[in-house]
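*Asks:* First to last, the protein sequences are chains L and P.
Its first residue numbered 83, the first sequence is counted upward by one per residue in our numbering.
Its first residue numbered 66, the second sequence is counted upward by one per residue in our numbering.
FYI, nobody ran anything at the bench for these hints, they're computed from the structure.
Warning: the hint list may mix true and false statements.
[To be verified] Listing some non-contacts, in silico: residues in chain P with all C-beta distances to chain L over 10 Å:
no.	residue
1	SER97
2	THR115
3	ASN130
4	ASP171
5	PHE173
6	ASP179
7	GLU201
8	GLY215
[To be verified] Below, a list of computed lysine-lysine pairs in the DSS-like style, where the Cα atoms sit at most 30 Å apart:
no.	chain 1	residue 1	chain 2	residue 2
9	L	LYS402	P	LYS167
10	P	LYS227	L	LYS402
11	L	LYS224	P	LYS137
12	L	LYS402	P	LYS131
13	P	LYS137	L	LYS279
14	P	LYS67	L	LYS405
[Unchecked claim] Each pair of labels, with its calculated beta carbon distance range:
no.	chain 1	residue 1	chain 2	residue 2	range
15	P	ASN142	L	THR339	49 to 55 Å
16	P	ASN142	L	SER387	26 to 32 Å
17	L	ARG403	P	ASN130	14 to 20 Å
18	L	GLU614	P	ASN130	22 to 28 Å
19	L	LYS430	P	ASN130	35 to 41 Å
Positions of the beta carbon are idealized from the N, C-alpha and C atoms, including for glycine.
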Amino acid sequence: MEDPSNPTTGNQCTGAEIVIRCLQEENVKFVFGYPGGAVLNIYDAIFNQTHFKHVLVRHEQAAVHAADAYARATGEVGVALVTSGPGATNAVTGIATAYMDSIPLVVLSGQVPAPSIGMDAFQEVDMVGITRPCVKHNFLVKDIKDLAATIKKAFYIAGTGRPGPVVVDIPKDITAQFHAFSYPETVEMRSYNPILKGHSGQIKKALRLMLDAKRPMLYTGGGIILGDASEQLVKLTRRLGFPITNTLMGLGGYPATDRQFVGMLGMHGTLEANMAMQDCDVLIAIGARFDDRVIGNPDHFFSKSRTIIHIDVDPSSISKRVKVDVPIVGHVQSVLGEMNDLLDGEFKAAADKKPEEAAIQAWWTQIEAWRSKKCLSYDRNSDIIKPQYVLEKLWEVTKGDAFITSDVGQHQMWAAQYYKFDKPRRWINSGGLGTMGVGLPYAMGVQLAYPDAQVACVTGEASIQMCIQELSTCKQFHLPVKVVTLNNRYMGMVRQWQEFFYGNRYSESYMDALPDFVKLAEAYGHVGMRIEKPSDVEPALKEAFGPKLKERMVFMDFLTDQKENVFPMVPNGKGLSEMILAEEL
Amino acid sequence: MKHIISLLMENEAGALSRVAGLFSARAYNIESLTVAPTEDPTLSRMTIVTSGSDEVIEQIIKQLNKLVDVVKVLDLNDGRYIERELMLVKVKATGPFREEMKRMCDIFRGRIIDVADGSYTIELTGTGSKLDAFLEALDKTAILETVRTGASGIGRGDRILKI
Ligand SMILES: Cc1cc2nc3c(=O)[nH]c(=O)nc-3n(C[C@H](O)[C@H](O)[C@H](O)COP(=O)(O)OP(=O)(O)OC[C@H]3O[C@@H](n4cnc5c(N)ncnc54)[C@H](O)[C@@H]3O)c2cc1C
Ligand SMILES: Cc1ncc(C[n+]2csc(CCOP(=O)(O)OP(=O)(O)O)c2C)c(N)n1
Ligand SMILES: [Mg+2]
Numbered sequence: 083m084e085d086p087s088n089p090t091t092g093n094q095c096t097g098a099e100i101v102i103r104c105l106q107e108e109n110v111k112f113v114f115g116y117p118g119g120a121v122l123n124i125y126d127a128i129f130n131q132t133h134f135k136h137v138l139v140r141h142e143q144a145a146v147h148a149a150d151a152y153a154r155a156t157g158e159v160g161v162a163l164v165t166s167g168p169g170a171t172n173a174v175t176g177i178a179t180a181y182m183d184s185i186p187l188v189v190l191s192g193q194v195p196a197p198s199i200g201m202d203a204f205q206e207v208d209m210v211g212i213t214r215p216c217v218k219h220n221f222l223v224k225d226i227k228d229l230a231a232t233i234k235k236a237f238y239i240a241g242t243g244r245p246g247p248v249v250v251d252i253p254k255d256i257t258a259q260f261h262a263f264s265y266p267e268t269v270e271m272r273s274y275n276p277i278l279k280g281h282s283g284q285i286k287k288a289l290r291l292m293l294d295a296k297r298p299m300l301y302t303g304g305g306i307i308l309g310d311a312s313e314q315l316v317k318l319t320r321r322l323g324f325p326i327t328n329t330l331m332g333l334g335g336y337p338a339t340d341r342q343f344v345g346m347l348g349m350h351g352t353l354e355a356n357m358a359m360q361d362c363d364v365l366i367a368i369g370a371r372f373d374d375r376v377i378g379n380p381d382h383f384f385s386k387s388r389t390i391i392h393i394d395v396d397p398s399s400i401s402k403r404v405k406v407d408v409p410i411v412g413h414v415q416s417v418l419g420e421m422n423d424l425l426d427g428e429f430k431a432a433a434d435k436k437p438e439e440a441a442i443q444a445w446w447t448q449i450e451a452w453r454s455k456k457c458l459s460y461d462r463n464s465d466i467i468k469p470q471y472v473l474e475k476l477w478e479v480t481k482g483d484a485f486i487t488s489d490v491g492q493h494q495m496w497a498a499q500y501y502k503f504d505k506p507r508r509w510i511n512s513g514g515l516g517t518m519g520v521g522l523p524y525a526m527g528v529q530l531a532y533p534d535a536q537v538a539c540v541t542g543e544a545s546i547q548m549c550i551q552e553l554s555t556c557k558q559f560h561l562p563v564k565v566v567t568l569n570n571r572y573m574g575m576v577r578q579w580q581e582f583f584y585g586n587r588y589s590e591s592y593m594d595a596l597p598d599f600v601k602l603a604e605a606y607g608h609v610g611m612r613i614e615k616p617s618d619v620e621p622a623l624k625e626a627f628g629p630k631l632k633e634r635m636v637f638m639d640f641l642t643d644q645k646e647n648v649f650p651m652v653p654n655g656k657g658l659s660e661m662i663l664a665e666e667l
Numbered sequence: 066m067k068h069i070i071s072l073l074m075e076n077e078a079g080a081l082s083r084v085a086g087l088f089s090a091r092a093y094n095i096e097s098l099t100v101a102p103t104e105d106p107t108l109s110r111m112t113i114v115t116s117g118s119d120e121v122i123e124q125i126i127k128q129l130n131k132l133v134d135v136v137k138v139l140d141l142n143d144g145r146y147i148e149r150e151l152m153l154v155k156v157k158a159t160g161p162f163r164e165e166m167k168r169m170c171d172i173f174r175g176r177i178i179d180v181a182d183g184s185y186t187i188e189l190t191g192t193g194s195k196l197d198a199f200l201e202a203l204d205k206t207a208i209l210e211t212v213r214t215g216a217s218g219i220g221r222g223d224r225i226l227k228i
């Protein structure tokens, strides 16, 4: 808002300059974007500024994905900038992807000049209308006086509560008008006040149930990552001594190499995680939303009774698919912090000596029995490269410390199962929307955030082709991403379903006429490698991650077993304990 | 079960479509929806008549609360409330219908607000079920046109939805 008494607001700026200064105030370091008519004024203002780096992608979808990955890796709000019409619609897949995984983003889109809105003007689309169902909120700026305050609100809404993408649609004429710049310091919204602190009575009730449990189970998800509560979670889990599983989105929230970790759960979860989830008597769900890929057939899940405690910042995540007994609405950091304090205070005696200690020991014995079945074993003597082997080696070569982005398909599941994430924000993938094509732009966003880190994109030969044009962006910005393509010449995940549920009719799931990825990588100015033998896997990875190629992008094309399937698998409509295991086929 | 949900939201362009979009995107029932600005012109008040199991209604309330433009939501069915709807009905008023329509209108405490050679227009307020009952009581062939506003609701006594 303009405040004439404020001496710093005397300076008149164009709307475009106001946009730039808002981004500067928000401490934005990267803007991922693509120019066009409606945003030319903004691009002109970008030309003269040095506060943030503009990363020119090759497709607007990649701009949003890269901004999304930047947010996933850093916890900051990611920023993308696109033009009106086709630029805006190209961004929609990226926005929906971020929305489904609750990623904080601000997407600035150009719009036709305000007087032309509704006239079917050149490159006009109703961006606010198109994105309404896949954003946390969106705005159309109708007056330059509101521009700065709207952008402030957008960042605030995107990053607080349950995070999510916010679109700010800015008509071109507004970016040319003049107004004094003044950035509000705080945001007050009577209609938006996320709850942070959990109800103390509920927290104590939950702790009492947890400490009395015979077969307790911790089930945590993306909320731990989004809420930066890994530290509190580790403390709580160690203090309680309970088994813990993570969802696909929650991996890295608890160290995967720790003994209490029983692996991922769900459709492709481990035997021990799914059995424990089904058989536990007290389930503590934290920042996880009982997704259909996680609990399998809900009726089967309910056929066993258990007490459910659910901690989530979004009330609508609670009792949506699964009725819970003790709901706690609050930020994970605050709620877990309070729980840890209580376990050191009021509940110390009960935590030190749990009434059901013997039962919990028996529970662990059961879990170890499930674990001893080694549900993730695979044929290690094959002379065809097994995809699982590539991932195990990737983990070894990168010492388990890389950022791994992934596309969508079998390779994604294998990465989740075999790369043991010990830290949060290291596993960057699209879980909720399952968007093929995210892998490479995700790797760009991460590598820009952490230029010295090892960043690998685990992908399939089908997925990588959905954003392959970004190899050019990687060249321009010298991003030494390592692409690990598990090339099975199939849309493997589709093929797997066709094998299991459609009588081996592989309808349109073969990736014919594949390019020579080595030559393709070289054409873009990168290093290409084709790896065909198991014995070449480790040397290739060592070379790619070695000092000689440290500065280079390397595209590794691993020719893997065409018929390998992802196990365990809970078939659609089946219960969690009704997994198909590898040896059963 | 039928529920009447009242809500206050920012009186901003697009707020209505967020609510309408939520109901269609999540496949919630919507029987009627009325909206108008309140005495505070920055706020609009909406009444939504919907139906669903308790779980669905709980989700509807939570999802409405989650919309950034929505300031406050109240499920009127959680307490005592009053519901009113306005209906205008144009009926045939020829021959024997002319007397009959006047009589029915009086019985239901309606008002004839427009008179023409062959028709009356009747105004009737009440709960949705009263309006339904009126239409059922009329000879179907006499009904020329109907228009209903959808229900508005308000809590009884000191149950107040305000910010
Ligand atoms: C091919 C494929 C296969 C898949 N198979 C599996 C599988 O086998 N297993 C599996 O788990 N998933 C699988 N998924 C992913 C699945 O679709 C879901 O995306 C995922 O399970 C959701 O994870 P989540 O429950 O952790 O929720 P998220 O989507 O990560 O949601 C986070 C939750 O935390 C809450 N939250 C956010 N911030 C906070 C905070 N600060 N404090 C408190 N709460 C907060 C949010 O409100 C939300 O409820 C698969 C996806 C694909 C594409
Ligand atoms: C944009 C998009 N289109 C289609 C799908 C459906 N789908 C899921 S996995 C998959 C195959 C992926 O093949 P590939 O990238 O080769 O990975 P693989 O499963 O072989 O490891 C498809 C088509 C999707 N998730 N996203
Ligand atoms: Mg493939």
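*Asks:* P/LYS67 and L/LYS405 were given as a pair; does the straight-line alpha-carbon distance stay at or below 30 Å?
*Replies:* holds (21 Å)
*Asks:* Looking at P/SER97 again, its CB stays over 10 Å from all of chain L?
*Replies:* holds (22 Å)
*Asks:* What's the verdict on L/LYS224 and P/LYS137, does the C-alpha distance respect the 30 Å limit or exceed it?
*Replies:* holds (26 Å)
*Asks:* Is the Cα-Cα distance between P/LYS137 and L/LYS279 30 Å or less?
*Replies:* holds (20 Å)
*Asks:* Please verify whether P/LYS227 and L/LYS402 have alpha carbons no more than 30 Å apart.
*Replies:* holds (28 Å)
*Asks:* The output says P/GLY215 does not contact chain L. Does that hold with a beta carbon cutoff of 10 Å?
*Replies:* Fine: 23 Å to the nearest Cβ keeps P/GLY215 off the interface.
*Asks:* Against chain L, does P/GLU201 keep a CB gap of more than 10 Å to every residue?
*Replies:* For P/GLU201, whose nearest Cβ neighbour in chain L is about 39 Å away, the distance exceeds 10 Å, so it holds.
*Asks:* Determine whether the Cβ-Cβ distance between P/ASN142 and L/SER387 falls within the hinted range of 26 to 32 Å.
*Replies:* holds (29 Å)
*Asks:* Range hint 35 to 41 Å: satisfied by the CB atoms of L/LYS430 and P/ASN130?
*Replies:* Hint holds: Cβ distance 37 Å, inside 35 to 41 Å.
*Asks:* Check the non-interface label on P/ASP171: least C-beta distance to chain L beyond 10 Å or not.
*Replies:* holds (46 Å)
*Asks:* Is it the case that P/PHE173 keeps its Cβ farther than 10 Å from each residue Cβ in chain L?
*Replies:* holds (40 Å)
*Asks:* Does the Cβ-Cβ separation between L/GLU614 and P/ASN130 fall within 22 to 28 Å?
*Replies:* Check failed, 56 Å falls outside 22 to 28 Å.
The structure shown violates the earlier hints numbered 3, 9 and 18.
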